[in-house]
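Asks: Sequence:
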Amino acid sequence: MSLMEDWWGRRRCAKRNGVQTVNADILQTYAPTIAWKSAEHISSGDLLRVNIASKTQVGLLAEEQMKRGGLVSDDIMIALINQHLERMNAESWLLDGFPRTLGQAQALDANLQGHGKPLNLVVNLDVPEEVILQRIIDRWVHIPSGRVYNLSYNPPRNHGLDDVTNEPLSKRPDDNPEIFKVRLDKYKSVTRPLLDYYHRQGILVSLKGRTSDEIYPLLEAELWRRFLQADDLDVFDVDGHVRASAK
0 MSLMEDWWGR RRCAKRNGVQ TVNADILQTY APTIAWKSAE HISSGDLLRV
50 NIASKTQVGL LAEEQMKRGG LVSDDIMIAL INQHLERMNA ESWLLDGFPR
100 TLGQAQALDA NLQGHGKPLN LVVNLDVPEE VILQRIIDRW VHIPSGRVYN
150 LSYNPPRNHG LDDVTNEPLS KRPDDNPEIF KVRLDKYKSV TRPLLDYYHR
200 QGILVSLKGR TSDEIYPLLE AELWRRFLQA DDLDVFDVDG HVRASAK
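Mapping of the sequence shown onto numbering that gives the first Met the number 0: position 123 corresponds to residue 122, and the numbering continues sequentially without gaps.
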């Protein structure tokens with residue numbers, strides 16, 4: 000059994016806390032153990048931004064809601080994610096930023112249960128609000144690729160330009176303190192029912208930290224406890240050396 004085949008993971012974070020970094024570390028560490036399998040990181044935010052940049056009907060509706068500081072409606076998000084899951088070829092995935100509401104969670108479960116592939120881990124990252132706000136202020140993105148830069152700790156080589164394409168970087172429409180406060184208040188009001196929903200299923204783990212470097216070891220330990228210690232599986236580092244063995 001492979002880790003990613005068994006772990007139809009779902010990662011959520013209304014708070015900006017290095018989610019992309021953690022996802023990249025997971026895939027980099029564990030993908031060598033499952034070279035014969037496919038795995039994909041799915042960011043609901045990236046899917047939204049691509050649709051907004053392409054001015055699709057979904058993108059235009061979502062953009063208007065985001066500019067007002069509102070959360071994108073359940074109907075839009077559910078359709079966006081389900082369509083992507085139906086189209087992709089990956090057997091396993093890490094889902095980032097969705098679901099954010101109980102209704103979204105129930106719709107996702109119904110879709111996955113229909114395919115016989117239920118979620119088996121939900122990770123809630125708990126980061127102090129002041130840390131999240133500073134990251135929002137310092138963050139710039141290359142929308143076509145989804146690459147994210149931060150002026151504090153991961154600046155682009157050339158100010159305002161993407162490292163790979165040299166194209167201009169942009170601010171996300173909702174990346175400002177005023178909209179952040181509105182969205183955070185709304186987030187808090189819908190989070191507890193969502194966390195309770197996954198807690199009752201026995202698949203929720205909450206991890207506290209200020210940085211990806213603090214959070215990732217906690218997540219890796221949880222993955223080992225839940226999936227690797229009972230598996231006949233080696234985990235390799237990027238140089239091909241055995242990092243951990245469950246044999």
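Since the hints were derived computationally from the structure, they do not count as laboratory data. Just so we're clear, the structure is a prediction, and the values are computed from it rather than from any experiment. Wrong hints could be hidden among the right ones.
As the list claims (entries may be wrong) - Simulated crosslink set (PhoX-like; lysine-lysine; CA at most 25 Å straight-line):
(1) Lys207 to Lys54
(2) Lys187 to Lys54
(3) Lys116 to Lys185
(4) Lys170 to Lys180
(5) Lys207 to Lys185
(6) Lys185 to Lys170
(7) Lys180 to Lys66
(8) Lys207 to Lys180
(9) Lys187 to Lys207
(10) Lys66 to Lys54
(11) Lys66 to Lys207
Asks: Please go over all the hints and tell whether each is borne out by the structure.
Replies: Status of the hints after comparison with the structure:
1. Annotation: proposed proximity of Lys207 to Lys54 is violated, straight-line Cα distance about 37 Å (limit 25 Å).
2. Note on Lys187 and Lys54: the hinted pairing is violated, with a Cα-Cα distance of about 30 Å set against a maximum of 25 Å.
3. Of the pairs offered as hints, the one joining Lys116 and Lys185 is violated, with about 30 Å between alpha carbons and a cut-off of 25 Å exceeded.
4. For the hint linking Lys170 to Lys180, the alpha-carbon distance of about 17 Å falls within 25 Å, and the restraint holds.
5. This hinted pair checks out: Lys207 and Lys185 have alpha carbons roughly 21 Å apart, not beyond 25 Å.
6. For a cut-off of 25 Å, the pair hint linking Lys185 to Lys170 stands: about 22 Å separates their Cα positions.
7. Simply put, Lys180 and Lys66 have alpha-carbon atoms about 13 Å apart, close enough for the 25 Å limit, and the pair holds.
8. With a C-alpha separation of about 21 Å, the suggested pairing of Lys207 with Lys180 holds against the 25 Å cut-off.
9. In summary, the hint linking Lys187 to Lys207 is supported, as the alpha carbons are separated by about 16 Å, within the 25 Å threshold.
10. Restraint check: the Cα-Cα separation between Lys66 and Lys54 comes to about 15 Å, which is no more than 25 Å; the hinted pair holds.
11. Taking the CA atoms of Lys66 and Lys207, the gap is about 30 Å. The hint is violated against a cut of 25 Å.
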